[in-house]
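Protein chains: 2
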Amino acid sequence: MKTYFDCIPCFIRQTLEAARIATSDEKLQEKILRGVLRSVSKMDLSKSPPVMGQYIHRLIREISGSQDPYKKLKDSFNKLALDIYPDLSDRVKKASDPFEAAVRFAIAGNIIDSGAVHNLSKSYIIETIEQALSQKLSGNIEKFRIAMNLAKKILYIGDNTGEIVFDRLLIQQMPNDKITFVVRGYPVINDATLIDAKTAGLTDIVEVIDNGSDAPGTILENCSKEFLRHFSDADLIIAKGQGNYETLSNADKSIFFILKAKCPVIARNIGCEIGSLIIKDSNSGSQFKGSRFKVKDRPASLASESITGR
Amino acid sequence: MKTYFDCIPCFIRQTLEAARIATSDEKLQEKILRGVLRSVSKMDLSKSPPVMGQYIHRLIREISGSQDPYKKLKDSFNKLALDIYPDLSDRVKKASDPFEAAVRFAIAGNIIDSGAVHNLSKSYIIETIEQALSQKLSGNIEKFRIAMNLAKKILYIGDNTGEIVFDRLLIQQMPNDKITFVVRGYPVINDATLIDAKTAGLTDIVEVIDNGSDAPGTILENCSKEFLRHFSDADLIIAKGQGNYETLSNADKSIFFILKAKCPVIARNIGCEIGSLIIKDSNSGSQFKGSRFKVKDRPASLASESITGR
Chain A
0 MKTYFDCIPC FIRQTLEAAR IATSDEKLQE KILRGVLRSV SKMDLSKSPP VMGQYIHRLI
60 REISGSQDPY KKLKDSFNKL ALDIYPDLSD RVKKASDPFE AAVRFAIAGN IIDSGAVHNL
120 SKSYIIETIE QALSQKLSGN IEKFRIAMNL AKKILYIGDN TGEIVFDRLL IQQMPNDKIT
180 FVVRGYPVIN DATLIDAKTA GLTDIVEVID NGSDAPGTIL ENCSKEFLRH FSDADLIIAK
240 GQGNYETLSN ADKSIFFILK AKCPVIARNI GCEIGSLIIK DSNSGSQFKG SRFKVKDRPA
300 SLASESITGR
Chain B
0 MKTYFDCIPC FIRQTLEAAR IATSDEKLQE KILRGVLRSV SKMDLSKSPP VMGQYIHRLI
60 REISGSQDPY KKLKDSFNKL ALDIYPDLSD RVKKASDPFE AAVRFAIAGN IIDSGAVHNL
120 SKSYIIETIE QALSQKLSGN IEKFRIAMNL AKKILYIGDN TGEIVFDRLL IQQMPNDKIT
180 FVVRGYPVIN DATLIDAKTA GLTDIVEVID NGSDAPGTIL ENCSKEFLRH FSDADLIIAK
240 GQGNYETLSN ADKSIFFILK AKCPVIARNI GCEIGSLIIK DSNSGSQFKG SRFKVKDRPA
300 SLASESITGR
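Chains as they are written, first to last, in numbering that gives the first Met the number 0: chain A, 0 to 309; chain B, 0 to 309.
These are computed hints drawn from the structure, not numbers from a lab. The model shown is predicted, which means the values in this text are computed figures rather than measured ones. None of the hints are false.
Same chains, same label: a pair holds when it works inside one copy or across any pair of copies.
Below are the EDC-like pairs computed for lysine to aspartate or glutamate, each with C-alpha atoms no more than 20 Å apart in a straight line: (1) Lys46 to Glu25; (2) Lys152 to Asp234; (3) Lys41 to Glu29; (4) Lys152 to Glu225; (5) Lys1 to Glu29; (6) Lys71 to Asp82.
All chains should be modelled from the sequences, with the hints used to inform the complete structure.
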């Protein structure tokens, strides 16, 4: 997905919120804001929004000196999700269709997105989860169920901390042995990394890898060889959340995007209402052709390389 | 008032909205967005927000080629206000305190601010006006009434189209012969100019001048000699709306700011809730010392002089 004009005010809002989380020093906050404004003024709008997101959060880490500004927030999201996990797990087991119940909880868990939703309260998260079973589910869950059963290798690309605890609910309703779960390679916003996958208990039930990248999405050009091999080998990809949708919606691969549509740009792109629970399949060819990105010789690094050609 | 960090995402949001009003050409919208992002990245935050507003709307007029992009919107606001004027005038006359009723309607009319409120609907404006009589009025209306009665020369600095029809309600409860009403010198956002003052019927009841400036506020350095003479001579200034508050809150002059607080930055600066009806007096010296600005030798012009030192 390209970057729409409406993403631009949102980048600046997100930058200010994130800068304030990363540092209380107003001089540094100002430096971050000015740097992002300058870069956004020159950005390539044909790139997806997480390309700018990656740049913004690299700049924030670099200027604030904090390598993981969202650490405390991430820990609190994991804790909250783990606290309610036993109850939700019980409700999934007792549901008339446990797979559908788990899909709904996994999508609702995508509300825990500090990029799209600022100042997320515990009560708002719980309310969103509670609504998941009764809310309309947009998309074809039967097609998803069949694809899952037919697939030999499933790559499940996760999104945020806390949310991945709800992904665990879904994975437990799936053929575990076929699944590789993916987290980000480095901290960015509240996206989940390996340590969160351990905390969420995912490493006990499926293979978990990281994608080698610090983007808040899956920028294929930026991912590790190991991830790209899994991506190429999988015959079904499940991609959670907005960032993965934005970066993979044009990929030549069979992908089921499952997400909560949280912003007007995504809602318009998908053709749904804000707040919708979405299962969207890519309808593209089933074989990854490798034509849309090139595996880099060197692994993706944290090098603060500008995307704006400065 | 200085520019706060929170004003910055708002500048970008306003720019996109205004660019879309000024032109449907996405290439020009993009050029406007990139130009504003670049300028905001270099802006002097000690200046008030309308300084950047003035630059943004100059750039929009320059790039879009439209000298008055809000013309249609302004005409519709004037029409709406004139349509409900007879009824409101009647309600003011029948009120137990006609002056207070008129103050309330004049403040509520400040909702018609396309800079602060996007996509203003007719029903929202009417609802805001209807709430005005029962809503809490923050500030000392008795002090305002006394100041008005004691003053020999009153300068009433207006704000937006439509809104100035409600100012007429208030002016009719005041000693008309003491009042000079001020509009902007050139079109900017939906701010009122001389033609709107005529449409609103203000020119029939008081002297009306323009301030010679195209800023969405009153940047004294930027105003005409004639305006500055009136500003200096007046012993009471009434300044309507956020833009006039932002630009005059530090002026060394006795000013009553009357406005509806529509954004969190203004609400925080004043110390009130968003949506409040505000009468705020400057509590500063009663004589304008002329120390804070310099009357320019040449009249304020529309020259697109950058404020960011490019």
